[in-house]
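There are 2 protein chains.
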Amino acid sequence: MNKKIHIFVTNDDGISAKGLAALTEMVRPFGALTVVAPKEPQSGMSGAMTIGTPLRLYEHSREEGLERYVCTGTPVDCVKIGLSQFFSEQKPDLLVSGINHGANTSAAVFYSGTLGATGEGILYGVPSIGFSLSTPHNPDANFDSCIVYGRKILEQYLIHPPSPDVFINVNFPDIPNDQIKGIRFARQGKGAWIKEFEKRRDPHGYDYYWLTGEFRNDEPEALDADHNLVNLGYVSIVPHQFDTTCYPEVERLGNVWKFL
Amino acid sequence: MNKKIHIFVTNDDGISAKGLAALTEMVRPFGALTVVAPKEPQSGMSGAMTIGTPLRLYEHSREEGLERYVCTGTPVDCVKIGLSQFFSEQKPDLLVSGINHGANTSAAVFYSGTLGATGEGILYGVPSIGFSLSTPHNPDANFDSCIVYGRKILEQYLIHPPSPDVFINVNFPDIPNDQIKGIRFARQGKGAWIKEFEKRRDPHGYDYYWLTGEFRNDEPEALDADHNLVNLGYVSIVPHQFDTTCYPEVERLGNVWKFL
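Protein sequences appear in the order of chains Z and B.
Numbering of the first sequence is given in our numbering, commencing with residue 1 and proceeding in unit increments.
Numbering of the second sequence is given in our numbering, commencing with residue 1 and proceeding in unit increments.
Isolated chain Z (complex conformation) (with noise of 0.2 Å):
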């Protein structure tokens, strides 16, 4: 690399998660790091911020180029602390986060921490890549060939930016580096979670209920969705939009619903 970087590292998963060590040492050769984490696990916390209750930061460790801190609440809210009090100044060039235990691709984008915090990122106008590996949650996770994958991604990225409000997704297949197959851009792909409750009875009678399921691949047979080319073997990337605007509807819709 030519010029180091500022480059601001956060996850969902929390501080102590293998996939946050893999992320810092992926990204590591590419500039100075500051960690912010979130304290305990916030897998599945989407944008979520933390309104109601006061937030902690504290400083965890520190070494010649990497700072890390651990908050209180969710990755968003890792993001928002983070940039407010280390970064008023000047911005980072670079947010990563990750690298999830478990794929982000398909309806998981929606629910998804990891990105959260890249969404986050966007927001307030700094480069922002999710990465995650598809692993069932294993805590104990081999994350190498994410690192070696990662920093082909991240070479690119730099050379040629995406759109400012633009996240990129990237997810790994949990396979050795030598058995992946290439790189592959793609799109979200369509499914969602089935059986999701598991309903128990607790030993003073009353219900409750675990949330669990399978997921529903709706379009199995599609070689350019995420999620399936992740199952393939592939890397996958797909860049996402903060703004949602659906604008071919607001044109159609527009001319068609009628107030008097």
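Please keep in mind that the hints were generated in silico from the structure rather than gathered at the bench.
Positions of the beta carbon are idealized from the N, C-alpha and C atoms, including for glycine.
Treat the hints loosely; a few may be bogus.
Claimed, not checked - Only pairs whose alpha carbons sit at most 20 Å apart, straight line, appear in this in silico EDC-like list of lysine to aspartate or glutamate:
1. 91(B) with 218(Z)
2. 195(Z) with 89(B)
3. 190(Z) with 224(Z)
4. 91(Z) with 214(B)
5. 39(Z) with 165(B)
6. 91(Z) with 243(B)
7. 199(B) with 178(Z)
8. 152(Z) with 251(B)
9. 39(B) with 221(Z)
10. 195(B) with 89(Z)
11. 190(B) with 243(Z)
12. 199(B) with 243(Z)
13. 4(B) with 155(B)
14. 190(B) with 165(Z)
15. 258(B) with 224(Z)
16. 190(Z) with 196(B)
17. 152(B) with 249(Z)
18. 190(Z) with 243(B)
19. 258(Z) with 140(B)
20. 39(B) with 59(B)
21. 91(B) with 196(Z)
22. 199(Z) with 59(B)
23. 199(Z) with 89(B)
24. 258(B) with 178(Z)
25. 258(B) with 155(Z)
26. 91(Z) with 196(B)
27. 152(Z) with 249(B)
28. 91(B) with 214(Z)
29. 195(Z) with 219(Z)
30. 258(Z) with 178(B)
31. 152(B) with 251(Z)
32. 258(Z) with 89(B)
To be verified - Sample of chain B residues lacking proximity to chain Z, with all beta carbon distances greater than 10 Å (derived):
33. 5
34. 25
35. 28
36. 32
37. 89
38. 90
39. 138
40. 142
Model the placement of chain B on the given structure of chain Z, informed by the hints.
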């Protein structure tokens, strides 16, 4: 109305919010209602779902054409558990969320629990609309004009339904019925919050941080942006897409990022 429909009602301010009662009144002439609302206020919860703790679901009240339930989770949890427990055979015809005590325009769309519920509705194939009143979170806000204007919008919605992958975001200005200037289609406006944290010291000498902030309008002159239209006295309607893939960037970056 020709045909009574089955409507799922939820919100993010919780079962006791005045805005939920107003929404119930707004949509009651259109069909039979099943309300599943959060037990506690869930503002700013976006598309968050509850993974690590189980949920409770209680019956709140029941009368002809109107069943009310309370769920201990987020707005997305309310939609998930409500659809799974009460609509496993036949989906509701419509989902409505709100009326939020506070605007959900511009960047607020990203954080909104009201709109998290509508995103979840669309994911599960239920046509979904979010309603919000641009009031500074006043618990005793006046929703009278929302009821009048919301019904006009619902009538058009049912005659000319939006695309099934789009949820509708309606924001009302907080002014009397006869001062509303009209209903306008819009796009998601540009802006963000600044001065977001108030740092305090606790009695034990440790710092903590309250999320606060003021909105920075990045395009105060734009007359097609939802936040400006509402400030000018219009009801704004924005269609939002669930699939947030930025297709032009898939194409453009796909051509310039080179992987060896």
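Problem set entry | Violated hints - listed by number, lowest first | Violated hints (numbers, rising): 5, 6, 7, 9, 12, 16, 19 and 32; every other hint is consistent with the structure.
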